[in-house]
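If you read the protein sequences in the order shown, they are chains G and W.
According to the numbering used here, the first sequence is numbered sequentially starting from 427.
According to the numbering used here, the second sequence is numbered sequentially starting from 78.
Be a bit skeptical, because a hint or two may be false.
[Unchecked claim] So the derived label-pair ranges between C-beta atoms look like this:
#, chain 1, residue 1, chain 2, residue 2, range
1, G, Asn480, W, Arg154, 40 to 48 Å
2, G, Lys478, W, Leu157, 28 to 36 Å
3, G, Ser534, W, Thr97, 36 to 44 Å
If you're looking for bench data, these hints aren't it; they were derived computationally from the structure.
Beta carbons: idealized from backbone N, C-alpha and C, even for Gly.
What follows is each chain in one-letter form.
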Amino acid sequence: DAKTTQPPSMDCAEGRAANLPCNHSTISGNEYVYWYRQIHSQGPQYIIHGLKNNETNEMASLIITEDRKSSTLILPHATLRDTAVYYCIVNLNQAGTALIFGKGTTLSVSS
Amino acid sequence: NAGVTQTPKFRILKIGQSMTLQCTQDMNHNYMYWYRQDPGMGLKLIYYSVGAGITDKGEVPNGYNVSRSTTEDFPLRLELAAPSQTSVYFCASSYLQGDEQYFGPGTRLTVT
Numbered sequence: 427d428a429k430t431t432q433p434p435s436m437d438c439a440e441g442r443a444a445n446l447p448c449n450h451s452t453i454s455g456n457e458y459v460y461w462y463r464q465i466h467s468q469g470p471q472y473i474i475h476g477l478k479n480n481e482t483n484e485m486a487s488l489i490i491t492e493d494r495k496s497s498t499l500i501l502p503h504a505t506l507r508d509t510a511v512y513y514c515i516v517n518l519n520q521a522g523t524a525l526i527f528g529k530g531t532t533l534s535v536s537s
Numbered sequence: 078n079a080g081v082t083q084t085p086k087f088r089i090l091k092i093g094q095s096m097t098l099q100c101t102q103d104m105n106h107n108y109m110y111w112y113r114q115d116p117g118m119g120l121k122l123i124y125y126s127v128g129a130g131i132t133d134k135g136e137v138p139n140g141y142n143v144s145r146s147t148t149e150d151f152p153l154r155l156e157l158a159a160p161s162q163t164s165v166y167f168c169a170s171s172y173l174q175g176d177e178q179y180f181g182p183g184t185r186l187t188v189t
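Isolated chain G, as found in the complex:
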């Protein structure tokens, strides 16, 4: 089972920052936090991942708390095309290879 807790849905106005929270209180010291999104039943798309430091790329920023029990994905200027289901993943399968998905957060961006 997924080891993360995410709100089922969130709304955001276009042009504003979208802050998506994720709780992962049982995370192990060597487990990474991954974020993927899925737009309208397409294949999931990788966004970002991190271990304990904050990370930023061209798509988003990832803020991980010092105790690593929670994190926040930040989309700095949300657009309508960011409407999607966002998955926070902190565990892989036993072999440490494949992702284990939960139900994610449905982000709706409106104008």
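Assemble the complex: chain G is given as a structure, and chain W must be docked to it using the hints.
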């Protein structure tokens, strides 16, 4: 690069029929995966492969088989299709363990 390609896009099967879902990647990735996604749910891992000739079961392998004879191809075989296998199937690949996974567009399968 085409990335990860899957065929067919859609398929309707009758109960008891069999079929093969095709998956090909052109990124020379070692790792490949098959997931299924039921309506309103997250993806569940069916099988994965860490390289040519090596495959292993995921969370929900029953009713499926895989093979990995080349780095590029990772077909998923359904034998004796059942209504419970109605789902969207996604193939993915990654270069190394724990790396970003690249997903294909999916195959929507209905078993009636």
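Cross-check of the supplied hints:
no., hint, in the structure
1, G:Asn480 to W:Arg154: 40 to 48 Å, "44 Å, holds"
2, G:Lys478 to W:Leu157: 28 to 36 Å, "47 Å, violated"
3, G:Ser534 to W:Thr97: 36 to 44 Å, "37 Å, holds"
Checked against the numbered hints above, the structure violates only hint 2.
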